Each structure stands twice: as structure tokens, then as C-alpha cells.
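Student: Below, each chain spelled out in residue letters.
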Amino acid sequence: MTGLAVQNLWLIPALPLVAAAIGALTPRTGRSLAAGAAIAAMGVSFLLSCGALVTALAHPAAHAVSNFAWFDLGASAFRLGWLLDPLTAFMCVMVTFVGTLIFIFSLGYMHEDVNAKQFFCFLSLFASAMLGVVVANSLLLLFVSWELVGLASYLLIGFWFHKPEAAAAAKKAFITTRIGDLGLLLGMLWLYDSTGSLLFFDGGNGVLEANTLGALTAHTALGGFALSTVIGLLIFCGAVGKSGQFPLHVWLPDAMEGPTPVSALIHAATMVAAGVFLIARVYPLMSADQALAHTALHALTVVAFIGAITALMGALIAVAQNDIKRVLAFSTVSQLGYMMLAIGVGSWVAAIFHLLTHAFFKALLFLGAGSVIHAAHHEQDIRSLGGLSKKMKVTFATFAIGMMALAGVPFLFSGFWSKEGILHAAHEWDVSHLPLYAGLAAVVLTAFYMTRLVAETFFGKARSHASDHAHESPATMTLPLVILAICAIALGFLGTPAFPWLQAKLLGEAEVHGHSLLEGAGLMMLSIVLVALGLGAGWALYGRKLRQKSTSPDPLAAAFPGVIAFLAARMKFDELYAATVFKLNSAAATFADVLDRFVWDGVIRFLARLGEFAGIVNREADEDGLNAGFDAGSKSLRGTGNAYSRAQTGDAHGYLRVIAIGFVVLVLVVMMGGGR
Amino acid sequence: MNAVLIAIALVTLGAAAVAMTLRNLIHSALLLIASWAGVAAFYLWAGAEFVAFAEVLVYVGAVSMVVLFAVLLTRRSRDDLTVASDSARRAFSGFITGGAVCGVLFGAVIASPMGVMSSPTPTVTVRQIGTQLMGTHAASLLIVGVILTVALLGAIVIASADRKDNSEDTP
Amino acid sequence: MSPLQLCLLFSSALFCIGLIGALARSNTILVLLGIELMLNAANINFIAFWRFSPSPSPATGVLFVIFSIAVAAAEAAVGLALVIAVYRHQKNIRLQEAARLKG
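Protein chains in written order, with our numbering: chain H, 8 to 683; chain C, 84 to 254; chain R, 3 to 105.
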């Protein structure tokens, strides 16, 4: 296959955009056209991405760019551009590949929906925006695509807008991520102000290149921080919102109200990955302050701790959820925390490796969940499912593979290798070992709740009418599952410690240097033991003695009712925000209202009375002195007015016609020679 | 160069002409958006990028929305989007008058001696526009701002429902 | 034919389309839209003369159009508010029926 030059990289996001336009213009009955266009565009984009990967791998160390001026602004210009390096290429391949499979899956899943054509239009828009984020060589272009991703996710989460929960979830997702985006915007403006450029790479003048970074670290902003620290943290705010990190993670579980393919697309391949990708992309900026000794805080330290908190918190909450999609949603929060943790401890390569493997197995899990939900007539409560392993063999097998990849079952599954890389990096971090401990605790919890999920959903006997009558999904839905399951296993071998091909390519090394598997074997053994512990505990609690009725109590909840209830209520974050942020907001609104009503209104009323008083004085003088003379004059004027008022026909068309005809006559007079 | 201009002109004029004849107001408004986008393309062609962006923002973005809202707010029932056909007499007289104006304008343009002036393309940057707006034309800018504010307030007052109950506000 | 002449013909045609629309339609919204088209045609003239004829100050035509667009935006807002007020008053928006001010 021949490579794709960087100048043509724009084709990758442009094709889904064209498909979205086609989808928008077709009538509602043309759903097969819209779906066909969407899938075809993604497929071609996938081939182009493979071409781009070939190009990028030929020179892994080079950042091939293609910049152009967008907007002239006096002496300087806003410049945009495309960037092709292994990071971009791997992301493109992943997004287009997973995206294509999800599109195909949607064919089956959305079969009965009358608005399926709109759905494919939105999906294409979403994919296009995400690919725009990936190929952008300018923070500005990235930001534009970033916001388009937000818009498309709003449309998709709220796709079933007749459900009030879906509409509320869409709003929540949009507004919560906007809070983070505000930070990103501020960081972007500050960056432009201090460097005069927003291009990532620009032949030595880009913001991620050595001389600019040197200038940024040399300046101190407020509080003794280096400028790059402050800007990096502001940009990180955007990633916190988009990637569902603590404390802005609250939108992500609610986003489950959308159709399941959307959950797969948002929570696996694209939107949440965008934040991790952004931080990996600007990693040179984030890590620029590492060399400084005098600064109080390194940007990456914040990233690491936020990631660790998120990883542990997400895993804890997932233990107590009963909705199959919410368990997966919180597991996504937790896994994203792992990725941020990896970036924070200095190994963005491990983060991207985990991002790629996670994209595949999480898409697999979500699509598997979608297949279950589709078969069980939209029953999502795992307590009411059960006994599906015999009825849905393909779904069960693939779901189990995804579950083992997520839980980190050793050696065969991709999730094991990528998680191992992160834990290894956290082990080598010399600032603190707390993130490592959080990560290890989350390993146990992940294995535990995934075992619970599988045991409750697939084993035992059917505990509701819907799951009793479940049947295997059609081939358009199972085929993507099988392909994703194969990838969930195979992808791990691209980045094992013995042959870290992916890591080497991402770092721009031409040669691949393998380590012995025994290096760091102690940590690996520990995590294998922890995984086994989690699996064993899950099996002991939920697998050995299977649930009989959908109403029988949860064994864990019976043991620790208070803790589980707290976790089931998602650690009360929504209530906390309702009690603090919303209250504050409405207090401010009340204050503004009172100010308006009493203070300003009083001033205005006083001025009005003053004017009224002047008027009264005036009238007195008028009536006595001046009126008599005017009365006579106005009588004669009224006669003239009556004569003229005949011309006022009240017909606006007539007036316009007279103006037009008058204009014609005037021009004719001038042209005939009267104009001298 | 002329071919591009002619293409832009044909698209713009076609969209505008069809928009003025349709009976479905929503379709009319959508076609007018296309027409305004054509005008913006003309500005781009002529090298006035800033004006083109302003045209897109104001017309394609804002005015079109106001028009759509006006259409939706002034229909009698949910499905009432078409208007009754207009009287042939008015249409006829409109065509006569418009045609006369058209003829006069075309005649004037074609008859006027406009040799090919080989003046270079004027380049105007956003910075220049900004300096001019805040310098030479600062007064005009202020007045336009006041006009816009007053117009918006006036629009709200005109369109808002009559307040009959509130006697203390009306002297 | 010089480009300037083409531009002027283009704007004249757009102006006349707007004029005919405003004259021939009885729906007030369409009349307003016709007027908007006429305004756009005028703006095209400004840009055409700015582009193809020498002028002392390089930004004059552009500034004219910017102000014109601003005023047009105000006009559209007020015009459509008037449409809504008329609709509330007489329950339709046929322009020829809004003739209460005739003498």
C-alpha cells in the first residue's frame, strides 16, 4: 500500500463530513442512502488512515506538517495545518476502524428507529470532528473540532429527545464539558498571547518545539509558577471535562441515555479519548517545567493525581451499579483515570497504548451490552437479566473476552499488557507512590466488578420475561463483535515488553529494543495476584451462588449497606454539586434580581418623576400664554393636511411602486440629455 | 476569473429568484440563505474577506434565524407554512415595474464607458479595518452601536405582548 | 465586458429580483426579504467599486459595507418584530390589509 502524503491528510476528516452532509440532505425515507454513505466514508477514511500510518512509520521521528494561512491579520496571520506523526496515524486508524464497526453495528441496532437517517448523519459528523481533533496541527483547529465533538455528542446523547432523561443528560454533558472547555480556551488565548502562534510544529517556531518551550518556562506567571505550568494546567482543564476526569466526570454516566452505539463511540473510541489525546499531543508543553527546580508544582504531578483519584473512584462506584451500561460507564471513567495517570507519571506512550487497547475492548463491551439490551427488549438492569450465556453464544463469548481484557487477565489479553505498562511507569515515578497504590487497588476492583457483571448478566437462570425470550442478534451486530474481540486479543502483542513495537514507533525510534519479560517481574506478579484476587472474590460472591430472583438482595450490599448505598448514589457528586454550585448560581441570580428591582428601578423612577414634574410646569405656561394664537394657525394647516392625506393610501406596495417608477422616470430624464 | 464571477452570480440570482416565487415560506427562507451565502462568496472573490465573514455571520447566521422565527411565530396552525397565491394583477404590475427598473439599470451600466481600469487589487487587512473603525470612523461606529441597541430594544418592545394590566407604567 | 460591468449587472439583477419580490408578494415576511435582497445588491456595488476603481483610502468601500450590514441587521430585527406585531393585531400578515394609517 502506498503512503498518504501529509498534504492530503484533510481527506480523512473530510470524507465523514461529506457523508454527514449527504445524510442531512436526504429525506427521512432515504435511510439506506445515509447509512451507506456514512459507512462507505468511514471505510475509505480507514484505508486512507492506513496509508497515513505507512507514511508515518517510514519516518517515525519526523513530524510532517502542512500549514497554511487561514486568516490575515495585519502583519501576522492565523495559520492552521495538518500534522502527521505516528501518534496521529495510530489514532486515525483506531478511530476509523472502531468507528466503521460501530456504524455497521448501528445498522442492526437502529433498524427500527424512524430517525435512523439522522442518527447516521450525526454519527458521521461526530467521527469527522474527532478525526479533525486528531489531524490538527494547530491548537485553534483542534479547539474548533473539539467543540464540534461536543456539539455532536450533545445531538447523539439526546437522540431520543422525547425521553426527558436523555434530554437532561445531553444538556448535562454539554454544559459540564463546557466548563472544562473554558479553561482550554483561556489556555489557548494565553498561549497565543505569549508565543504568537498556535501551531504545534512549524519548523522550529511551533509551540511544542524547543525554543518556544524554553521561552515559556523562562517566564514566571502568577504565584511563582512557570508560564508553561499555568498554560498546561488550563489546557488540562479541557481534557478533564472531555475525558470525564474527577471532578467533572458526572456527565459521563448520564450520557448512557443515548443509543448504545453512541455510548460505544463516545466512551470507547472518540470523545473521551480526545482529552487523553490532547494531553499526549501537548506533552512537550506539559512536561516543559520538569527541569525547573524552583517551581512549587509540576503540571504533570497534578495530572497524575487527578488520574489516580479518578481511576480509584470510578472503580469503586462501578462496584455498586446495577445498570449494565452504567457499570461500563464508570469503568470507562476509571480506565481514563489510568491513562491520565500514565501521562502524569511521564509515560504518555503507555497512556496511548492503553487508549488504543481500551478503545477496542471497551467498544466490544459496549456493543456486547448493546446486543444484550437489543435482545432483551431494552432491559438494562443486570438483576433482571441472567441466563443469556446459552441463548446468545456469540455475544457471550465476545463479551467474556472483552471482560477479561478489561480485567487484565494475564498474557493473552491486550488490557493486561497496556495496564502493566502504566503500573510499571507509575512504579518508576520518583515523586510519589500513591498513584501506584491507587492503580493497584483499582486493578482488584476492576476484576471484581467485571466478574460480577458477567455472572449476573449471563449465568444463572433468566429472571425476567424479557431475558427469557432473548435471542441472538443479527449478523450485522455480531460480526463487529467478533472482529473487535479478535483485536482485543491481538492488539496486546504490539506492545509487550519483549517487543515494544508500538511504544518505539510512537517515540520516534526506528529500532525496537525489547526488554526481558523478567524485568519488573515482581510488579507483574503482584498485579497478576491482584487480578486473581478480584476475579476470585467476584466469583465467590456472585458466581458460586447465583442470583435466583431479580429482587433478591446483593450479597455485598447486605454486608455493607451504608457503603454500597453511598457508592450506588455515585458518591453523591450530583447532590454535592446541586447543593453548592447550583445554589451559588441561583443566589447570584437572586442578588442581581434584587439589585435590578430595587436599586436601579428606584433611580429610574426618580428620574421619571423629575421629568414628569418639569412637564407639568411646562404645561401650565403653555396653556395660559401660547395656545390661543396657535389654534387659529393650526385650523388652516389642517385643511391643507386633509388635502395631502388623500395621497396616503396606506398601501405599502403602492408606495414602493411609486418610488420605483419615479426612479425609472428620473433615470430616463437624465439619460435623454436632461442631466446637463 | 469572469467565469467564477458568473457562476457565483448565477447561483445567487437563481436561489433568490426561486425564493421569491415559492409558496412555502420555510423553503423560501432556506433558499435565501443559499443566496446570501452566494453574496458572501462574491465578497470572497472580490478579496473582501472581512465583509464576507460579516455577511455570513449577520445574514446566513443571524437574519436567517430571525426570519425562520418570524415565519414560525406567524402561522395559524402547525402545518400552515404555505401562503395563499397572490393576485395575478399585483404580480403583473410588479413584473412591469421591476422589469422597467431592470432595463433602466442594465441600460445605464452597459452604456456607461467603463474601460478596463488596471488598478491593482486593493488589499485591506483586518488590522487596517480595525484601526480605521476605531480612528477615523470612531463616531460612525458609536452611532451604529447606538442604532443597533435602540433597534433591538425597539424590536423587543414592538414584538412583546401588550401589557394591559400594568397601569402604573403608563402615565 | 469588464469585470466591473459584470459585477454591476449582477447587483442590478439581484436588486430587481428583490424589487419584484417586494412588489408582487403580499406576505410581509417575503416583502422584507425582498428588501434585504435589494440591500445586498447595494452592498455588492460598494464592493465592486472598491475592488475595481482606484480610491484614495483603501478601506472605504469595505467600511461602507460593514456599516450598511450593521444597519441592515437592525432593520431586519425591527422589521420582523413589526411583522409579529401586525400578526398579533390582524391575525394575518398580508401587507395590503395593514392599511390603517391611510388618510
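Because the hints were derived from the structure by calculation, they are not lab data. Since the structure is predicted, the reported quantities are computational estimates derived from the model, not experimental observations. Backbone N, C-alpha and C define an ideal beta-carbon position, used for all residues, glycine too. Keep in mind that the hints are not guaranteed to be accurate.
Just some of the chain R residues that point at chain C, by a computed CB distance under 10 Å [what the hints assert, rightly or not]:
hint	residue
1	L8
2	F69
3	A101
Student: Hint numbers the structure violates, sorted upward?
Tutor: Hint check: 3 fails alone, others pass.
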